[in-house]
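Novice: Here is how the chains run, residue by residue.
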Amino acid sequence: DAKTTQPNSMESNEEEPVHLPCNHSTISGTDYIHWYRQLPSQGPEYVIHGLTSNVNNRMASLAIAEDRKSSTLILHRATLRDAAVYYCILRVSLNYGGSQGNLIFGKGTKLSVKP
Amino acid sequence: DTEVTQTPKHLVMGMTNKKSLKCEQHMGHRAMYWYKQKAKKPPELMFVYSYEKLSINESVPSRFSPECPNSSLLNLHLHALQPEDSALYLCASSQGEGQTNQPQHFGDGTRLSIL
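For the record, the sequence lines run as chains A and U.
Just so you know, the first sequence maps onto residues 186 to 300 in my numbering.
Just so you know, the second sequence maps onto residues 10 to 124 in my numbering.
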């Protein structure tokens, strides 16, 4: 299984940076690292993805370790609206139980943001 | 606003009823997905359609019957459901199945309650 390990929960203060860690020690060379988040009463929302290099977009930054066995999602200034469950997911490039490349969600990290 | 639209947002039905959930996207995506999410749990993949053909059925009971009438629409027909089928049903789409460097776009789901 291409699994990820995340802390169950984290807390942050509003307007401070947040670093959400993810371990994926079984990652293969062509597996992409994806991050999604799910706000209360909404469907999951794509945040960012990467393969080897660090990535930035308007929502967040993704820092990928040199050995690719871990990554960190960085929210540069947390807002109350960032309170959500954040999922780190490996998109497996080879056949995996018939679900090639599909999203297999783990438990995620529940992020709370304090005003 | 999500680009994947699901209707209805809420549905209450008895165990003998027949109902359908609908999902629509106009992004030109060729892969569409159904997920089931129980309370405080991560989403679980149910079905994958690729180019309007069923590609993956994750051993879902036959009381759930998916249908993809065209590339923009995805239905989930429900019949003789059980109380344990009460959940949030999420639809998603992506450019193509198995494209691990492309995100999936989710709707906000239909919250289903079985009486």
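For the record, the hints were derived by calculation from the structure and aren't laboratory data.
It cannot be assumed that every hint is accurate.
Said to hold, decoys possible - Below, computed lysine to aspartate or glutamate pairings styled on DMTMM-like, alpha-carbon distance capped at 20 Å:
| id | chain 1 | residue 1 | chain 2 | residue 2 |
| --- | --- | --- | --- | --- |
| 1 | A | K295 | U | D117 |
| 2 | U | K18 | U | D94 |
| 3 | A | K188 | U | E67 |
| 4 | A | K295 | U | E93 |
| 5 | U | K18 | A | E230 |
| 6 | U | K50 | A | E201 |
| 7 | U | K49 | A | D267 |
| 8 | U | K18 | U | E53 |
| 9 | U | K47 | A | E199 |
| 10 | A | K188 | U | D117 |
| 11 | A | K292 | U | E76 |
| 12 | U | K18 | A | E199 |
| 13 | A | K292 | U | E53 |
| 14 | U | K18 | U | E93 |
| 15 | A | K292 | A | E199 |
| 16 | U | K49 | U | E12 |
| 17 | U | K49 | A | E199 |
Stated by the list, open to error - Covered by chain A, per the in silico footprint, the following chain U stretches (three or more residues, Cβ under 8 Å):
| id | segment |
| --- | --- |
| 18 | 25 to 35 |
| 19 | 53 to 63 |
| 20 | 115 to 123 |
Model, not experiment: these values are computed from the prediction.
Note that the Cβ used here is the ideal one computed from N, Cα and C, for glycine as well.
Novice: Determine for every hint whether it applies to the structure shown.
Specialist: Verification of the hints:
1. Restraint check for A:K295 and U:D117: the C-alpha separation of about 19 Å stays at or below 20 Å, so the hint holds.
2. Under the criterion of a C-alpha separation no larger than 20 Å, the hint pairing U:K18 with U:D94 is consistent with the structure, at around 16 Å.
3. About 18 Å separates the Cα atoms of A:K188 and U:E67, which keeps this hinted pair within 20 Å; it holds.
4. Restraint check for A:K295 and U:E93: the C-alpha separation of about 25 Å exceeds 20 Å, so the hint is violated.
5. For the suggested pair U:K18 and A:E230, the alpha carbons sit about 17 Å apart, so the restraint of at most 20 Å is met.
6. As the CA atoms of U:K50 and A:E201 are separated by approximately 28 Å, the hinted pair breaks the 20 Å bound.
7. At most 20 Å may separate the alpha-carbon atoms for a hinted pair to count; U:K49 and A:D267 meet this at roughly 18 Å.
8. About 19 Å separates the Cα atoms of U:K18 and U:E53, which keeps this hinted pair within 20 Å; it holds.
9. This hinted pair does not check out: U:K47 and A:E199 have alpha carbons roughly 30 Å apart, beyond 20 Å.
10. For the proposed pair A:K188 and U:D117, the alpha carbon gap of about 25 Å is over 20 Å, so the pair is violated.
11. At roughly 29 Å between alpha-carbon atoms, A:K292 and U:E76 are farther apart than 20 Å, so this suggested pair is violated.
12. Under the criterion of a C-alpha separation no larger than 20 Å, the hint pairing U:K18 with A:E199 is inconsistent with the structure, at around 31 Å.
13. Restraint check: the Cα-Cα separation between A:K292 and U:E53 comes to about 11 Å, which is no more than 20 Å; the hinted pair holds.
14. Taken as a hint, the U:K18 and U:E93 pair is honoured in the structure, with Cα atoms around 19 Å apart against an allowance of 20 Å.
15. For a cut-off of 20 Å, the pair hint linking A:K292 to A:E199 is broken: about 24 Å separates their Cα positions.
16. Restraint check for U:K49 and U:E12: not satisfied, since their Cα atoms lie roughly 24 Å apart, outside the 20 Å limit.
17. Between U:K49 and A:E199, the direct Cα distance comes to roughly 24 Å. Violation of the 20 Å bound is thereby established for this hinted pair.
18. Counting residues of the segment 25 to 35 of chain U whose beta carbon lies closer than 8 Å to any beta carbon of chain A gives 0, which falls short of the minimum of three for the stated coverage.
19. Given a C-beta distance limit of less than 8 Å, the hint that chain A covers the segment 53 to 63 of chain U holds, as 3 residues qualify and 3 suffice.
20. With 4 residues carrying a beta carbon less than 8 Å from a beta carbon of chain A, the segment 115 to 123 of chain U meets the three-residue requirement, and the given coverage holds.
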